[in-house]
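Peer 1: Chains as they are written, first to last, in UniProt numbering: chain A, 1 to 427; chain B, 1 to 360.
Derived from the structure by calculation, the hints contain no laboratory data.
Treat the numbers as computed from the prediction; the structure is a model and nothing was measured.
Just so you know, even glycine gets a beta-carbon here, dropped at the ideal spot from N, CA and C.
Any given hint might turn out to be false.
[Claimed, not checked] Pair by pair, the computed Cβ-Cβ distance ranges are:
(1) A:S418 x B:V200: 52 to 60 angstroms
(2) A:E286 x B:E242: 51 to 59 angstroms
(3) B:R13 x A:I425: 37 to 45 angstroms
(4) A:S418 x B:R13: 52 to 60 angstroms
(5) B:L236 x A:R419: 39 to 47 angstroms
(6) A:E286 x B:E39: 48 to 56 angstroms
(7) A:S418 x B:E152: 45 to 53 angstroms
(8) A:D303 x B:E39: 44 to 52 angstroms
[To be verified] Derived DSS-like pairs: lysine-lysine, alpha-carbon spacing no greater than 27 angstroms straight-line:
(9) B:K31 x B:K162
(10) B:K162 x B:K125
(11) B:K287 x A:K422
(12) A:K422 x B:K223
(13) A:K316 x A:K256
(14) A:K149 x A:K172
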Amino acid sequence: MLKAVILIGGPQKGTRFRPLSFEVPKPLFPVAGVPMIQHHIEACTKVPSMKEIVLVGFYQPNEALSRFLVSAQQEFKIPIRYLQEYAALGTGGGIYHFRDQILSGSPEAFFVLNADVCSEFPLPEMLAFQQQRGDPHSFVMLGTTANRKQSLNYGCIVANMETCEVLHYVEKPSTFVSEIINCGIYLFTPAIFQHIGEVFQRTQQELLLGACLGEESPNGWQRAEVIRLEQDIFTALAGRGKLYVYKTDGFWSQIKSAGSAIYASRLYLSQYSQCHPERLAPNSPEGPTIRGNVYLHPTASIDRSAVLGPNVSIGKGVMVGAGVRVRESIILHGASLQDHTCVLNSIVGWDSTIGRWARVEGTPSDPNPNDPYAKIDSETLFRDGRLTPSITILGCNVTIPAEVVILNSIVLPHKELSRSFKNQIIL
Amino acid sequence: MKALILVGGYGTRLRPLTLSTPKPLVEFCNKPILLHQLEALRQAGVDHVILAVSYMSEVLEGAMRTQEQRLGIRISLSHEKEPLGTAGPLALARELLTESSEPFFVLNSDVICDFPFTDLVRFHKHHGKEGSIVVTKVEEPSKYGVVVCEAETGRIHRFVEKPQVFVSNKINAGMYIFNPSLLHRIQLRPTSIEKEIFPVMAQDAELYAMELQGFWMDIGQPKDFLTGMCMFLQSLRVQHPERLHAGPGFVGNVLVDPSAQIGENCTIGPNVTIGAGVVVEDGVRIKRCTILKGSRIRSHSWLESCIVGWLSSVGQWVRMENVTVLGEDVIVNDELYLNGANVLPHKSIAESVPEPRIIM
């Protein structure tokens with residue numbers, strides 16, 4: 001049997017996702033119409049002999065998460081549990097803390113997936129790859145190719161060309177190391193806990209030693225538990241015949257900022273068009289004009305003169321009026337787009353209203369389309385003291401008056417605007 | 001009576017419109033600028049108009065032949081080989097202007113107002129001196145040259161360029177009437193009538209000012225062209241409300257050529273002029289704009305403070321604002337945002353212009 005762990009982090013993480021993460025934990029933010037981690041869960045359930053999915057993170061139990069767990073278990077007919085860390089323990093510390101729970105029922109292996117990635121999730125391929133290696137105790141990480149410059153923002157993997165063994169691993173190097181980067185998706189056997197355990201013991205001893213020597217060590221007992229898979233485990237495992245990389249050419253992106261959520265939506269919608277065309281809105285004489293891939297929640301009310309797409313996701317109960325145009329955007333549930341509005345490269349928050357003839361437009365943060373290995377740039381909000389043009393985000397319950405333009409701006413929740421804004425954060 | 005209109009050169013301030021059409025022929029409120037003046041002059045009894053031009057245009061000549069027929073007046077073009085300023089052209093046209101001994105009008109071609117030519121003749125004959133100029137009140141006189149004159153009679157004492165302290169709020173409105181004797185003061189060389197001739201006439205107590213009632217605007221550049229349009233439409237509202245368009249979807253003062261087509265669910269106005277053969281598709285919002293002949297505004301677009309040049313096409317869900325001016329035959333692709341763009345003729349725009357600039 002197999003299991004899967006999804007690392008969902010906590011409220012102190014994902015701040016680049018504000019103001020949207022004020023309303024919903026980032027892992028539940030809808031991408032291509034469903035919560036971000038539902039894509040992970042769906043991929044896991046397609047692996048034969050997958051018996052349980054465990055979410056590990058440090059969110060306080062909350063209604064949104066509980067509701068999601070209930071509905072996902074019903075939909076995918078698999079046990080899904082949330083295990084809450086008492087503090088942020090890092091990507092390795094979290095699974096180590098819950099190792100008994102993960103190993104209960106004696107899985108031969110388990111996947112670990114970071115929540116903030118979007119991917120094809122070639123999990124069966126990783127499994128087959130591990131079995132091909134002939135070593136049932138080897139670990140597999142998913143790798144993909146980046147360009148030289150952007151590789152520095154990721155974990156870089158040097159591998160043996162033939163055996164695919166990871167010879168060297170370094171997280172976010174300052175100089176070029178390798179174009180193969182870590183996708184944050186792993187296949188481990190229970191033996192991984194010995195390696196994490198060794199790191200834990202060693203760190204704890206060092207801390208104790210430090211304490212004996214009178215060194216300052218605030219909450220040292222806790223620090224030993226904070227273990228990062230990337231720096232603390234993979235770097236040590238590299239070159240020891242234990243860790244292998246499975247390289248994928250399938251789509252993959254991080255979802256750090258809200259801008260990357262629009263890009264990730266595009267990737268998933270395009271996957272729908274291959275594997276689940278029934279999830280995409282059709283062009284029908286009674287319905288709106290659909291261009292490219294569009295997700296429409298069945299409860300959304302769309303005027304037939306509206307034109308939607310490509311890459312549009314429209315949530316529950318959204319109202320789209322006559323002559324509305326939406327492209328490259330996510331419209332969250334309960335929002336209302338009045339007649340003739342134009343929404344481009346934007347995320348419209350829950351229950352927001354956009355008045356007639358208003359224009360809400362952002363600048364896409366897509367990877368360079370001319371470079372097949374380009375990734376989305378890790379955006380900084382400001383560059384040289386100026387707000388970098390990004391997608392426009394309307395927080396929850398924002399009201400945009402008729403006929404104004406909101407360009408490259410971020411509007412925090414519960415705000416009623418009275419005029420046009422450009423290149424601003426509106427508190 | 002005769003009138004000389006100072007048309008001048010290429011009208012560069014009103015580019016990109018004047019790259020396609022001589023400025024006097026650019027339609028202001030659905031009528032060529034010059035025709036506003038010609039018709040008012042004819043009504044005041046002018047039967048011969050001299051256009052002082054510094055470049056020759058066959059299009060302008062042709063149009064003037066047509067207007068001669070239509071209005072039953074004589075129109076001459078007086079061509080300066082070199083720019084002669086605002087007074088030199090009078091010397092150049094000396095022969096034509098002295099064919100009779102009657103006073104003659106002189107006007108700048110960029111001025112739009114309720115032309116007061118009949119009143120001006122009466123005023124001029126009443127004081128009996130050499131010249132009369134029309135003045136208009138402005139809110140911020142420090143930006144202009146002002147005219148200081150006697151309140152009772154209108155006799156001009158002096159002119160003050162950009163006054164720092166308040167001396168007067170009246171400025172030269174660019175419309176004059178002179179006795180032919182004025183021509184003795186002017187030689188055939190580049191001369192400014194405002195700076196070189198008027199001060200001397202004022203000193204000689206030969207120049208009087210008549211204050212203009214109602215609106216006035218120099219429409220020589222796009223921003224003022226639109227402001228002038230608002231004033232003109234408001235004056236139509238008072239004088240000829242039947243010429244304005246009313247009905248559901250129309251707000252405020254809107255002038256629509258009968259041959260234009262307006263789609264459903266549009267909101268047009270206030271202060272919009274729509275030219276001949278223009279097609280406005282469904283769900284369009286337009287305010288404070290001039291849409292010139294033969295253009296098409298596609299559905300769900302939003303336009304404010306724009307001039308759309310002849311035969312242009314504005315795509316669906318386009319937003320244009322902030323004195324965006326499209327030259328002739330410009331195509332704006334769907335869903336773009338143009339903010340203060342100045343687009344030269346025959347250009348196809350495929351990218352938004354978020355900050356004001358010129359698109360070559």
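Peer 1: Hints first: check each against the structure and report whether it holds.
Peer 2: Structure-based check of all given hints:
Between A:S418 and B:V200 the beta carbon distance is about 55 angstroms. The supplied range of 52 to 60 angstroms therefore holds. Hint check: A:E286 to B:E242, Cβ distance near 44 angstroms, so the stated range 51 to 59 angstroms is violated. At roughly 39 angstroms, the beta-carbon separation of B:R13 and A:I425 lies within the given 37 to 45 angstroms, and the hint holds. A C-beta distance of roughly 35 angstroms is found between A:S418 and B:R13, which places it outside the suggested range of 52 to 60 angstroms.
The hinted range of 39 to 47 angstroms is not satisfied by B:L236 and A:R419, whose Cβ atoms lie roughly 30 angstroms apart. A C-beta distance of roughly 55 angstroms is found between A:E286 and B:E39, which places it inside the suggested range of 48 to 56 angstroms. Separation of A:S418 from B:E152 is about 50 angstroms and conforms to the stated range, judged on CB atoms against 45 to 53 angstroms. Range check, A:D303 to B:E39: about 48 angstroms between beta-carbon atoms, so the 44 to 52 angstroms window is met.
Note on B:K31 and B:K162: the hinted pairing is violated, with a Cα-Cα distance of about 33 angstroms set against a maximum of 27 angstroms. Distance hint between B:K162 and B:K125 is unfulfilled; the C-alpha atoms sit about 31 angstroms from each other, more than 27 angstroms. Restraint check for B:K287 and A:K422: satisfied, since their Cα atoms lie roughly 21 angstroms apart, inside the 27 angstroms limit. Between A:K422 and B:K223 the alpha-carbon distance is near 22 angstroms, which keeps this suggested pair within the 27 angstroms criterion.
Using a Cα cut-off of 27 angstroms, the hinted pair A:K316 and A:K256 holds, with the two alpha carbons roughly 24 angstroms apart. With a C-alpha separation of about 11 angstroms, the suggested pairing of A:K149 with A:K172 holds against the 27 angstroms cut-off.
Violated hints, listed in ascending order, are 2, 4, 5, 9, 10; each of the other numbered hints is respected by the structure.
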